[in-house]
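Peer 1: So the chains spell out like this:
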Amino acid sequence: MAFDCTLSREQEMVRETVRAFAEDVLKPRAAALDRTREFPHDNYRRAAALNLTGMMVPEAYGGAGFDAVSYVIAIEEVSRACASTGVVLSVNNSLFCGPILKYGSEEQKRRYLVPHARGERIGAYCLTEPGSGSDAAALRTSAVRRGDRYVLSGNKVFVTNGVAAHTFIVYATIDAKLRHRGISAFIVERDFPGLRTGKPEHKMGITASGSVEIVLEACEVPAGNLLGAEGEGFKIAMNTLDGGRIGIAAQALGIGAAALEESLAYSRSRQAFGAPIAQLQAIQWKLADMATELEAARLLAYRAAWARDHLERYSLEASMAKLFASEACMRAAKEGVQIHGGYGYINEYTVERLFRDAKITEIYEGTSEIQRLVIAKEILKGGPA
Amino acid sequence: MKSLVLVKQVPSADSPFRLNSSGTWIEEGNLTFGLNDYDRYALEALLKLKDAGKVAEVVALTVGPERAATVLRTCLATGADRAIHVKDAALEGSDPLSLAKVIKAAIQGEGFSLIMAGLQADDDNYGQIGPLLARLLDRPSATAAMGLELRDGTTVRVEREMENNRLLVVDLTLPAVITVQTGINEPRYASLKGIMAAKKKEIRTVALKDLGLDAAEVGGRAARLRTVRLASPPKGKGAEILKGPADEIARELVKRIREKTGVI
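For the protein sequence lines, the chains are Z and V, in the order given. Following our numbering, the numbering of the first sequence begins with 1 at its first residue and continues without gaps. Following our numbering, the numbering of the second sequence begins with 386 at its first residue and continues without gaps.
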């Protein structure tokens with residue numbers, strides 16, 4: 001089946017309805033959420049009513065049963081209005097529901113996937129630790145089997161949704177010497193004994209996404225909550241991130257699109273040297289580059305989403321989309337601030353927030369450097385080098 | 386109880402508006418289109434009655450070209466059960482009375498007890514279809530509904546918006562035609578599941594010949610109301626810019642709004 005980037009009627013309708021929701025509900029609240037850093041509970045609840053919490057989960061498990069291209073469209077539109085809400089939804093969809101749908105037992109799907117896909121609960125993903133980020137295989141959180149339970153001990157950081165999540169997928173090792181072959185994934189409920197949240201992270205941007213440290217002090221997890229098999233965790237984590245990267249590409253598209261939109265409006269109204277600055281070629285070139293790069297990023301994201309729906313492996317496509325979209329987003333946000341001049345540096349103007357929100361897309365779910373590693377590995381495969 | 390909502394596809398407010406060469410309407414080439422805002426409230430009013438078990442079926446109807454089917458699909462995705470699309474090239478330029486006749490013919494035999502529509506269309510602002518249809522059906526009608534309550538199977542109580550926030554409460558014997566004001570409720574958004582479900586819902590497309598109507602009577606060429614000219618608003622001279630500290634400006638603004646509108 002060939003890639004076709006013409007959107008179907010249903011995909012167009014997803015854009016229409018999510019854009020209306022984002023414009024009416026999310027956008028007017030975004031600046032206040034950025035300021036107060038409060039987790040957007042009401043946004044999440046209302047997004048759930050539109051089935052945005054389990055978009056690619058089949059209806060039988062409480063989801064909407066949509067394709068990944070629709071998912072990209074929805075996350076872009078949400079993030080265009082509120083990037084914090086964009087990542088909150090992306091994490092629940094891609095990093096929580098995704099792996100349970102793919103690797104979970106029927107019992108785990110019934111118990112965890114259904115309420116999270118419906119948006120009655122919020123999911124989170126715990127991979128990164130104080131001492132391991134890009135080198136995920138070096139994680140030190142331990143899992144020791146004791147009878148019908150595993151006992152988990154360790155610290156997880158930068159856990160998006162962490163302040164509000166009901167359930168976490170925690171990656172821990174049964175034997176650190178085994179490196180990635182020792183890593184296993186566990187479904188951990190917030191009120192399992194031994195789990196507590198640490199201090200909220202004071203972030204530069206996406207301030208409302210509830211990032212927090214998660215501390216596991218001999219946290220007891222029923223053996224039935226092992227996701228996949230022992231030692232399968234690294235594969236699950238990496239596979240999950242392939243999907244997650246498509247979500248972050250979409251989030252980056254949304255932030256970039258907002259930067260372009262704000263810049264178009266500002267450059268049409270701001271007067272300098274007797275005319276709107278939109279008539280200055282110096283500004284026009286910036287706008288043209290922003291629009292072109294974002295459109296290219298959008299097509300890469302659609303292509304990665306299509307690959308997710310139709311191909312066995314899509315690491316290359318997902319990394320390319322995430323890399324290009326996040327860097328295009330950062331450039332768009334940077335030029336957006338530049339076009340606004342001094343006003344772009346003041347938090348009364350939206351581009352100031354967009355600039356802070358944009359940066360994280362080049363860091364989480366695989367830094368730009370990791371994406372380049374993945375891409376290089378894929379394209380060098382099979383050759384003599 | 387069966388219900389009908391009349392909807393219209395109109396240019397989106399953020400479209401670039403340019404007069405066409407004859408100066409009678411806007412250039413349609415660059416426009417994006419969407420569901421008339423008032424109609425979203427009419428649809429929501431019926432969907433709420435359906436949620437409450439008081440209405441069994443909600444049908445959406447539009448008269449318009451091929452592209453207008455999009456707004457019917459939006460209604461279906463939002464919760465309407467089926468749709469009727471009256472589509473005929475001869476209807477381009479038809480006057481409101483003719484369109485009301487067409488709608489009457491299209492719903493003949495359906496037995497709708499409650500017919501709702503937006504108070505007016507965002508584009509041409511006539512506000513005539515609802516009342517004209519009621520007249521043709523020989524049924525009562527109320528306009529500018531701000532509240533709506535089905536009293537029993539035979540009566541609907543409507544709170545109508547008057548000047549200065551006054552309400553006029555009227556009871557209509559069903560079947561009845563009601564047009565609604567924006568703000569009567571909070572329209573829901575189409576959910577993803579709704580979009581999926583809409584794929585299986587019916588849109589019945591009918592042309593004038595299916596309705597036994599003659600273009601010579603109801604078509605655009607026979608219109609007895611014709612647009613002569615559409616003009617951009619003249620540049621106003623009445624603008625006043627309030628100056629001073631923000632709190633003083635805010636106080637002055639509230640005072641002016643109160644004096645002029647009485648809404649706060």
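Keep in mind that the hints are not guaranteed to be accurate.
Which chain Z residues face chain V? A few, computed with CB under 10 Å, are given here [what the hints assert, rightly or not]:
1. 21
2. 55
3. 74
4. 378
5. 380
6. 382
Derived DSS-like pairs: lysine-lysine, alpha-carbon spacing no greater than 27 Å straight-line [what the hints assert, rightly or not]:
7. 628/V - 387/V
8. 640/V - 622/V
9. 27/Z - 578/V
10. 199/Z - 377/Z
11. 433/V - 27/Z
12. 622/V - 102/Z
13. 586/V - 439/V
14. 109/Z - 578/V
15. 27/Z - 334/Z
16. 645/V - 628/V
17. 584/V - 439/V
18. 27/Z - 177/Z
Don't read these hints as lab results, they were simulated from the structure. Backbone N, C-alpha and C fix where the C-beta goes; we use that ideal spot for every residue, glycine too.
Peer 1: For every hint, state whether the structure bears it out.
Peer 2: Consistency of the hints with the structure:
no. : hint          : verdict
1   : 21            : holds, 5 Å
2   : 55            : holds, 6 Å
3   : 74            : holds, 8 Å
4   : 378           : violated, 32 Å
5   : 380           : violated, 39 Å
6   : 382           : violated, 40 Å
7   : 628/V - 387/V : violated, 56 Å
8   : 640/V - 622/V : holds, 21 Å
9   : 27/Z - 578/V  : holds, 23 Å
10  : 199/Z - 377/Z : violated, 37 Å
11  : 433/V - 27/Z  : holds, 26 Å
12  : 622/V - 102/Z : violated, 65 Å
13  : 586/V - 439/V : holds, 21 Å
14  : 109/Z - 578/V : holds, 20 Å
15  : 27/Z - 334/Z  : holds, 21 Å
16  : 645/V - 628/V : holds, 19 Å
17  : 584/V - 439/V : holds, 25 Å
18  : 27/Z - 177/Z  : violated, 48 Å
Checked against the numbered hints given earlier, this structure breaks hints 4, 5, 6, 7, 10, 12, 18; the rest are met.
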